[in-house]
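Read off the chains here:
2 protein chains.
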Amino acid sequence: MNFHAKLVAAQSKKQSVLCVGLDPDIERLPIHFYPELSPTERILAFNEAIIESTLPFASSFKLNFAFYERFGTAGWDVLERTRRLIPADIPAIADNKRGDIGNSAKFYAQSVFEVLDFDACTVSPYMGADSIAPFLAYSEKAAFVLARTSNPGGADLQEQKIGEDSLYKILVSQLAKQANSHPGCTALVVGATNGSAMAEIRKLAPDMPFLIPGVGAQGGDAKTVMQATYKGHGSIAVNSSRSILYASAGADFAQKAAEEAKKLMHSLRP
Amino acid sequence: MNFHAKLVAAQSKKQSVLCVGLDPDIERLPIHFYPELSPTERILAFNEAIIESTLPFASSFKLNFAFYERFGTAGWDVLERTRRLIPADIPAIADNKRGDIGNSAKFYAQSVFEVLDFDACTVSPYMGADSIAPFLAYSEKAAFVLARTSNPGGADLQEQKIGEDSLYKILVSQLAKQANSHPGCTALVVGATNGSAMAEIRKLAPDMPFLIPGVGAQGGDAKTVMQATYKGHGSIAVNSSRSILYASAGADFAQKAAEEAKKLMHSLRP
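Protein chains in written order, with our numbering: chain A, 1 to 270; chain B, 1 to 270.
It should be emphasised that the hints constitute simulated quantities derived from the structure, not laboratory data.
Since the model is a prediction, treat every value here as computed from it, not as a measurement.
Among the clues, some could well be false.
Intra- or inter-copy, both count: the list cannot distinguish identical chains.
Calculated pairs, DSBU-like style, for lysine-lysine (alpha carbon to alpha carbon, straight line, at most 30 angstroms) [claimed, not checked]:
no., residue 1, residue 2
1, K262, K177
2, K106, K256
3, K263, K177
4, K161, K177
5, K161, K203
When you get a sec, could you build the whole thing from the sequences and use the hints?
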């Protein structure tokens with residue numbers, strides 16, 4: 001089953017578009033949670049508890065590699081082991097934003113799709129089509145290309161005007177044109193904090209899956225996201241990390257994370 | 001000593017702007033070189049031989065992370081150990097093209113500058129100024145921001161016209177404006193395959209260090225590079241990987257690599 005079919009099945013089964021972000025910041029873990037373990041082993045145990053408690057409400061999980069790479073090789077080890085904790089029928093998304101060319105792009109794709117066995121990853125488009133193509137060569141997987149991001153600096157390049165259009169629209173149009181040759185594989189990252197951009201991108205790319213960060217701690221509104229982008233099961237995965245992971249710093253963190261995930265899931269229904 | 005001072009000192013001592021790229025492709029290593037070792041240990045031994053043989057001619061080394069991440073955690077282990085083989089007075093550049101926001105960018109910077117202890121890294125600019133800033137917070141280090149890359153797809157976004165100017169020129173102008181507040185820290189990646197772009201970028205950013213890939217196997221011309229970009233010690237680091245690493249597939253690979261590095265070094269003199 002390819003990424004998109006797996007996402008459709010998981011979202012249909014759970015009636016949820018929620019993607020739980022496993023971005024554990026060691027400084028924010030519950031202090032009394034396994035204090036005897038090393039930082040990376042504490043993170044693994046924390047991830048395991050979060051995956052277990054939020055699984056009824058999450059139709060995908062996403063790992064941002066920065067939170068692991070800050071521990072070097074030991075972090076990569078925990079990244080690999082965390083990925084294996086995600087059940088096989090739930091899409092696992094690598095949020096690593098790689099972007100390189102030729103053999104480098106090929107090896108990054110091999111790393112994330114073959115060695116780590118993620119179902120999808122994020123990709124940065126600055127180096128152009130030949131930096132994205134090696135990820136699309138995996139018909140079972142998907143590449144979420146950064147389109148319009150939710151951060152303040154997102155506008156710096158993405159909103160530059162090419163004639164009438166913004167750069168991100170040029171990019172989305174280029175990707176939409178070639179998406180038919182890789183159905184379900186070409187996907188987009190679209191930040192939740194910009195309602196009109198979301199709607200415009202959905203118009204340009206009616207059939208592409210969107211990964212939508214920025215709901216929750218970053219301030220994006222669930223109803224706006226749904227109205228602007230939702231097109232049925234598999235059309236969007238809405239990520240939230242901090243509001244779930246740190247719902248409580250006490251011994252009840254896993255239960256509170258589940259409650260927050262459930263609340264978010266309900267707010268994200270069409 | 002910060003990155004830029006270290007680069008100036010190394011280039012001045014060796015009269016060389018050559019940066020040797022440690023991008024070992026396991027399929028291209030000499031077949032009879034340590035066949036009893038695991039792939040990652042063979043790579044480490046290969047890197048050690050290349051560093052030793054090319055050291056008289058290299059004023060910096062660059063590691064592209066894709067060639068290590070394709071082996072997962074074991075690859076990161078060899079990446080860390082390879083970095084430690086580079087002498088302390090020679091700048092070590094991480095070619096990892098990270099680009100993310102907020103805490104993620106901060107943790108990527110912490111990973112590459114504190115955990116791995118590289119002197120500089122490459123950064124992708126698509127997410128804007130706040131994705132680059134955390135790398136510039138390290139006054140001892142430097143961030144090479146992708147400007148105009150040497151691959152065919154480099155034109156897809158980078159050459160989009162914003163009024164009269166190409167996107168990459170808008171980016172370079174933005175970076176040049178803020179470079180004064182981080183002297184020597186803000187740097188650029190400029191591909192060697194486009195002579196007029198190199199000259200235009202040098203005009204917009206007269207004082208920024210350039211990392212220039214694309215000479216050698218990719219077809220960039222040494223004389224053109226020097227004429228368009230060289231401004232004295234520390235102004236450019238010209239990378240070559242394949243033409244040096246695979247100069248010979250026989251038992252004499254290290255010696256041939258040294259000969260090729262020496263030849264390149266001489267071709268890159270002002």
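Each hint tested on the structure:
1. K262 with K177: Cα proximity of K262 and K177: none, with 37 angstroms in one copy and 47 angstroms across.
2. K106 with K256: Between copies only: 27 angstroms across chains, 41 angstroms inside a chain, cut-off 30 angstroms.
3. K263 with K177: neither (37 angstroms within a copy, 45 angstroms between copies)
4. K161 with K177: both (20 angstroms within a copy, 20 angstroms between copies)
5. K161 with K203: both (19 angstroms within a copy, 23 angstroms between copies)
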